[in-house]
Amino acid sequence: MAKTIRVLVGKPGLDGHDRGAKYVARALKDAGYEVIYTGIRQSPEAIAKTAVQEDVDFVGLSLLSGAHNELFPEVVKVLKAEGADDIIIFGGGVIPEDDIPGLNKAGVEAVFTPGTPIKDVVDFIEKNRERVEAK
Amino acid sequence: MAEQKKIQDAQKAWQETTLKKVTDRFPERKENFTTGSWNPAERVALPGDLSEEAYLSKLGFPGEFPFTRGVQPTMYRGRFWTMRQYAGFGTAEESNERYKYLLNQGQTGLSVAFDLPTQIGYDSDDSHSVGEVGKVGVAIDTLKDMELLFDGIPLDKVSTSMTINAPAAVLLAFYIAVGEKQGVSKEQLRGTIQNDILKEYIARGTYIFPPTPSIRLITNIFDYCATDVPKWNTISISGYHIREAGSTAAQEVAFTLADGIEYVRAALKAGLDVDTFAGRLSFFFNAHNDLFEEVAKYRAARRIWATVMKEQFNAKSEKSQMLRFHTQTGGSTLTAQQSDNNIVRVAIQTLAAVMGGTQSLHTNSRDEALALPTEESVRIALRTQQIVAHESGVANTVDPLAGSYYVEGLTDTIEEEAWKYLDKIEDQGGMVQAIEKGYVQKEIQDAAYRAQKEIESGEQVVVGVNKFTIDEGAPTGLLKVDPALREVQMKKLAEVKASRNQADVDRTLAVLKEGAKDVEVNLMPLIVDAARTYATLGEICNVLRDEFGEYKESIIL
Amino acid sequence: MNLAPKVLAGETRYIARALTWIENDRDGKEALIDELFPHCGHAVVWGITGPPGAGKSTLTDQLITRERRRGRRVGVIAVDPSSPFSGGAILGDRLRMQQHATDDGVFIRSMASRGHLGGVAGATGDAIKVLDAAGFDTIILETIGVGQTEIEVMELADVVLLVMVPGLGDEIQALKAGVMEIGDIFVVNKADRDGADKVASEIGYVLDMKYVENPSDRNPICLVSALRNEGIDEMMKVLDNYLLSMEASGCLSDKRRARIVSEIRRIAATKVEETVYQHLDFEGQIDAWVDDLFARKHSPYVLMHQMLDPLFKELESR
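Protein chains in written order, with the numbering used here: chain A, 1180 to 1314; chain B, 733 to 1289; chain C, 2 to 319.
Fair warning: there could be bad hints in the mix.
[Unchecked claim] Under the rule of at most 16 Å between Cα atoms (straight-line distance), these lysine to aspartate or glutamate pairs were calculated in the EDC-like manner: (1) K1169/B <-> D104/C; (2) K1212/B <-> E1288/A; (3) K1298/A <-> E1188/B; (4) K1169/B <-> E12/C; (5) K790/B <-> D1131/B.
Source of the hints: derived by calculation from the structure; they are not laboratory data.
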């Protein structure tokens, strides 16, 4: 039987626009994943530590305020410090195309910009299933 | 009634002959046509109740109860709506430049966007503020920043709207103090603070304190302004963010008015007379793409509010019964793809707001799904309003869509739906309880989920996103906020702290702390005193945090 | 990889991984539990149950704060339902406890029920053992909250807080349906709302009837507002005293022994089932059996005796 994949959907930073994050959470549940939802205004540290305790396979970060260049890499950093660098990180929100290569380099493997269908997120997760299956 | 029967018979005949001939050969594009919020869109709308009584009670005349046709008798024949572009980013100095530019371009009011730390009562040097300083608006830590923000802008000449909620009292205090420095008295200040905490819990997320002390601060402001800042709009009860979170048009009306009802109740409970504050209440709605439904929405909202104020709260003054509102075009309707198309969307939404009788309007810029708008984009957005005002002719007559069978029908439908929600919220013990239960959030989330599913399945077409797509390069020329801005702001803050009289700060904050403990004390004058000493926003809010506690999000999806 | 030493050392990452192994029933799970089991028995387990919307997570959040104040390390297991359609789940209980996310003395784990009935997940019992062995002093188990069927929490917890609220409209119904048997301490939450006193007195009435012979044994009822942080300290005192008297009366060790009994039974039943099914090639045969029964060729008893009796005879002859 295939492993039940666990995904954390988190909102770092201070913006309260959680429509997208909640949609993704709900749609990933409908796709058969267990989704841990932490709510808005979470510090990168809180998100990373939650991800470790929940032993999730993926962390999806949503941010609309423009603070992604500071906050997304910070989540990656704390995860590494906690010894959880096998967790796969993706992000979404109002993120200019120019910022994506930098985020990729910082360890955010995929960035989904506005208008991305949820299927792309599910495809991304399934494409990486093998990497998390053995946990 | 006889007329109606005749029309219905004629319709039947038409359906069986003329219509049938066509639909047999050419079926319609789809089986069910609905509005953007899933209200039925009839093929051919028919007149409703044609009687004089119905006209007089449901529509009446502009400037008179129930204000369906508008709150002023002449509407835009007297004066256009206030064109008010929401702006602010980076430091106070940068935003000040943008304001002066907008005023030079013919804008008639200012609208201040604050960054998220400011909106949540954190100073720029707070650890919570990392990455957020100056991003979605201007960073304000102390009175000093506010002085720079309005440098060279005489406060007796402009009206200023501030999108600020949880710490609204503090920012208003800063504004009052800037006025004093410019020699402008409180009585002359004109503007609005958003000051609507309930929708923060529902949809926007920039809350600080729990509901009870938050509502106390709001009623303190009502009370203080009624005597000291009489031209100030003390609250802008906002459906905008509720709609952005994914609600339907009717939910936007219902939940906004339910918030309004809660504030009126709180003020009455605090001992205020309804007619002393109700005239200063204002509203803030969204404008989406379904033109006719949006116009109907504003008309229905006016009719319901007038009825609530007159019948439920016995407001005598007509001012108290009028629903005056600001509109912003729908941010969530903007697409990152083929972003110039957004200019067209904004134009339609502008028409909706104007034909719906808005008092002021912000038009979004084409690039806002990608970043903060550039100067050029902001200019096009403002020009859109100016074209509608000066060239389209829609401002020449009051309530131009009145009497459209379709629009009148939709107005009734939305009104009915909204009343149903208002009843359900009453049954739960009012809006605070309905929010704490998660009822309101759940209704909105379900609508949002449904809409998104329809977009993903292609049932709802979004041009450039799920249909008529093209391969396009990365957009260029986006506005970037300098990431080093926090350092700049922190340095400024340190300088202010070094040069102020610390004893004055400590004294005024201690008085505020004592006042917070006693629910009978109006905190507004105490906050103004603290503001004058250059106490920081964070310091003031932390005093209140210690006394009031902090609100925690408690609703899952 | 041998997780046990790292779990015993209290390493968060590996405690979390151990829970994953248990949830996924992975190879090595039994060996892991075997190694941890001698180190269990130190923690006190509190169950929190009650209908959806009763404020269980908000109460749990408050309890964590109280326990941390007195220096105790807290483990939390919060169970939410899995979707019967997709198998997915939204695990959102911890949203109300996120202020503790960065406190290294608190470990919170969300669990999906994955089809298990009874208000908890199938893996919850073993998960408690992991947290116990990892050195958490207090373990809070928050159930799904669907009502009458949540009896499993009684077996897993030393003490059960049954959370009720006014305004759900089903108070009386719940009282009748025997939910009352689950609770050790009755907590009426949202005491600031109309009707809270009424709920408390209704519970009191039912309990009075039950303890008419020995009223001093009557379960405590606490009025609190978890959201407004009212009445919680008083409730903690009640809880402490309740646990002390359970310990003094021997009731606590009886309960823990009973827990072991049901665990032995459950493991035995599972093992027997697995072995027998395998022996019979159950999955391979089942369709043929159904065909036979559907055609009324046998009765189900005759068929099963035919299959099982040789096996039982073999066992008897040993």
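Against the structure, the hints come out as follows:
1. K1169/B <-> D104/C: violated (28 Å)
2. K1212/B <-> E1288/A: The given pair, whose Cα atoms are some 23 Å apart, is violated under the 16 Å limit.
3. K1298/A <-> E1188/B: Given pair K1298/A, E1188/B holds - Cα atoms ~9 Å apart, limit 16 Å.
4. K1169/B <-> E12/C: Distance of about 37 Å is beyond 16 Å: violated.
5. K790/B <-> D1131/B: holds (14 Å)
The structure fails hints 1, 2 and 4 (numbered hints given earlier, in ascending order).
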